[in-house]
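Asker: Residue strings, one per chain:
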Amino acid sequence: MFELLGHGLLTVLQWNYLVPLFAGTLIGVVGGALPGVTITMTIIVILPFTYGLDPLQGLAAMTGVYVGGSAGGLVTACLLGIPGTPSAIATTFDGFPMARGGAPGRAIWLGVWSSFFGGLIGGLFLILVTGPLAAIALQFGPWEYFSLFVLAMAMVAGLAESSFIKGLLSTAIGLLITVIGTDPIGSVPRFTFGSEFISGGFPFLPVLIGIFAFAQIMSDIEKPAVPKTPEAVLATQPSLGVSLGVSHFKVIGEILGRPFLLLWSTVVGILIGVLPAIGGSAANMLAYDQAKKFSRHPERFGTGVPEGIIASESSNNANVGGSLVTIMAFGIPGDAVTAVMLGAMTIHGIQSGPLFVSQQPALAYGIYAAYILAHLLMVLILAAGALFMLQITRVRLAVLAPVVLVLCVIGAYALNNTMQSVYVLLIFGVFGYALVKGGFPLAPLILGLILGDQIEINLIRAIMTDDNPLLFFTRPISGALLFCAALSVALAVWQHMRHRARTAREEAPDF
Amino acid sequence: MRTVLRILAATAALAAMAMPAAAQNYPERPIKMIVPWAAGGDTDNIFRPFAPLLQKHIGQPIVIANVTGASGTVGAREAKGSPPDGYTLYAVHDYIHLVHYAGVTDVKYSDFEPICLLSATPSVLTASPKTPWKTWAELAEDAKKRPGQITVGATLGSTSHIFPALIEKAAGVKFKYVSYEGLAPRMNAILGGHVDLTDSNLTQKGKVDAGQLKFLAIAAEKRDPEAPDVPTLKELGMDIVYAVLRGLLVPKGTPAAVRAKLDEACGKAAKEAEFADAMKKQGTRVSYLNAAEYGPFLDKLDRESKVIMTELGLAKQ
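Chains A and B, in that order, are what the protein sequence lines are. Counting in numbering that gives the first Met the number 0, the first sequence runs from 0 upward without gaps. Counting in numbering that gives the first Met the number 0, the second sequence runs from 0 upward without gaps.
Any given hint could be a false lead.
[To be verified] For lysine to aspartate or glutamate, the following EDC-like pairs were computed, each having C-alpha atoms within a straight-line distance of at most 16 Å:
id, chain 1, residue 1, chain 2, residue 2
1, B, K107, B, D298
2, B, K175, A, D466
3, B, K280, B, E220
4, B, K175, A, D465
5, B, K233, B, E167
6, B, K204, B, E225
The hints are simulated quantities; they were obtained by calculation from the structure and are not laboratory data. Remember, predicted model here, so these are calculated numbers, not experimental data.
Please work from the sequences and hints to get the whole structure.
Answerer: Here it is, written out as structure tokens:
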């Protein structure tokens, strides 16, 4: 196995494979960093170019896009507070406050190195335990998926910062938005009021960009007090040693000094990746939530703690490894990105399927090698680009805000080449801003949006397959997941109450 | 004021003159091809290799836009609403007839003009590895004993629903349908044994070779050289030949000159050896009809679809 992997690495290190891999990773990083341009879109853009290449060249380029894209989103997330891809949503929670607090370099490099380590550990899982992981994935029928998503929803209770109730409300709003449009099973229009405009529902990405970008920019404009530039912080507190440049040893030390956090986030990322249907957009939020739950100081999450960045970024790159598992084991795509990769394989006439790894070892291990090398290239590309990207923190808001908005609109339009997405972006921009003003956390809403359709589809599928509702509890995996969901809510409530009690005690002397 | 009017009139006149010229110079900019299903799916995999060939013969880039959702009707609606200028093509298969009669959408095939039929992908009745049957006969026997209990994963109201429904009718059995939209989710469900049967095609042969799926019968006129062990439904005594037929349409009102150009370019592209190769890899054969032949073919298909949907009780009033 390691012989094959070594051979794969040597193959991919040749120029004719390294160049497409590098190009793919670079394009992936750029695409990932642009809000509205998703990894799926980026990979579709490069798909036609891969027809003329040999299969491994094409797949190397695509693997590069996947890895680069999963990391690229952190740049925008940390510097602008807007997730460049849905996989970087949770990175904004702590990355952005940290960057605003005067340490953009630290935020970015924490993200980059977490992606690197998360990705590599994910790669190990991918190569060593493909079979067992894939077997777990097959055990998941509609009952298990339903219960898994219920667990995910229960977890968001932990993401709600101040008010538990507002967190739940926010989740409910997210779920409600997914109900609008044509229903996913019977194709019955719901809440469309006969309007063509909303008959297809509200596409996820424009909603996401609208809510995050617009709400973020608006609150920035309200408080024109410029965020602290690294120089300003340095001038007042030179001892902090914060600047654009960072000590990589220190950052890596920060990550590896939390081995449990890194490993657990990676495992969350892999498991979500192995299970088809939700992908990186949910993995980062769930890992973040786990980090917060296990933390000794959960109340500091959201203010710029390194744990938040490490959890989010290591999980989203590990997720890539996870979603490659099903494609390697069964030839079934786990998400839209791997679907395109699979499409590229069939166009080259490669029979994907359970025999893929044994029948095409050179190609399979070439993909593994490309996956590992892409992580190294990603770090190199971000290292070269970081100096330029960090200049963003110096740009005046009056210049930056309109540019970001234009990018968001272009991204939304390019998604389907329709104006509908742009209008959705505007509507939800205003809506998201109103929610922020009302003190509603946005993350639960986004998770509700991601999971809404899937919860509904799997619930209906389960009932269509067998009308016995007790199966949700009696099927072992499903039952265990529901039990964890109940536990998760209880834990979140307990944490909130403890936090409230503690703040009450601290405030006591003021009276 | 008068000058303004004069300018307006002149502009209008110029625009009127420019209209036929626009058709003559067609195409002057990239052409969008709406594929109403996700990238990497069966339909996408058939039109993607076709796009560069069409591009070669029409002389402008063909840009594929995957407009997905609601059983492919979101893309259909967008194609219908696009300007009829030849810059929007609509990649279609039989679902357009079915979803209309199932009452999913008011968009009809007749909202479009035909350009060409490209391909036919025979359906294959596929069983989960966790099922006990090795042959159709065993399945039929079991199905008669347990009516309404054997589950079929299908996109409701679309081809993967119609195909098993035709078998139900021919064999006098009753299945239970579970909604799994698209081939990839269906494959996940069937490998895990969460459904018993599904409609698939020869692209899934790798999984059969690995013993993870079972092909029970193919709905073609004769056995396929790629899978010679799989009997046809005709051999098994059911007069069912069923294939997913894919072609290209443009919005109604597209000028005849533009359609003629598309028709000609598609004809050349479909005859490229490269296209036949690409289709073979998709378990599909090239089945070309030009615009003049495709129109009546679609009319016939629509009439048949209506009959099938009504007979199967899937049509909405």
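Asker: None of the hints should be skipped; say for each whether it holds.
Answerer: Hints, verified against the model:
no.: 1; hint: B:K107 with B:D298; in the structure: 11 Å, holds
no.: 2; hint: B:K175 with A:D466; in the structure: 12 Å, holds
no.: 3; hint: B:K280 with B:E220; in the structure: 19 Å, violated
no.: 4; hint: B:K175 with A:D465; in the structure: 10 Å, holds
no.: 5; hint: B:K233 with B:E167; in the structure: 14 Å, holds
no.: 6; hint: B:K204 with B:E225; in the structure: 9 Å, holds
In summary, the structure is inconsistent with hint 3 from the numbered list given earlier, while agreeing with all the others.
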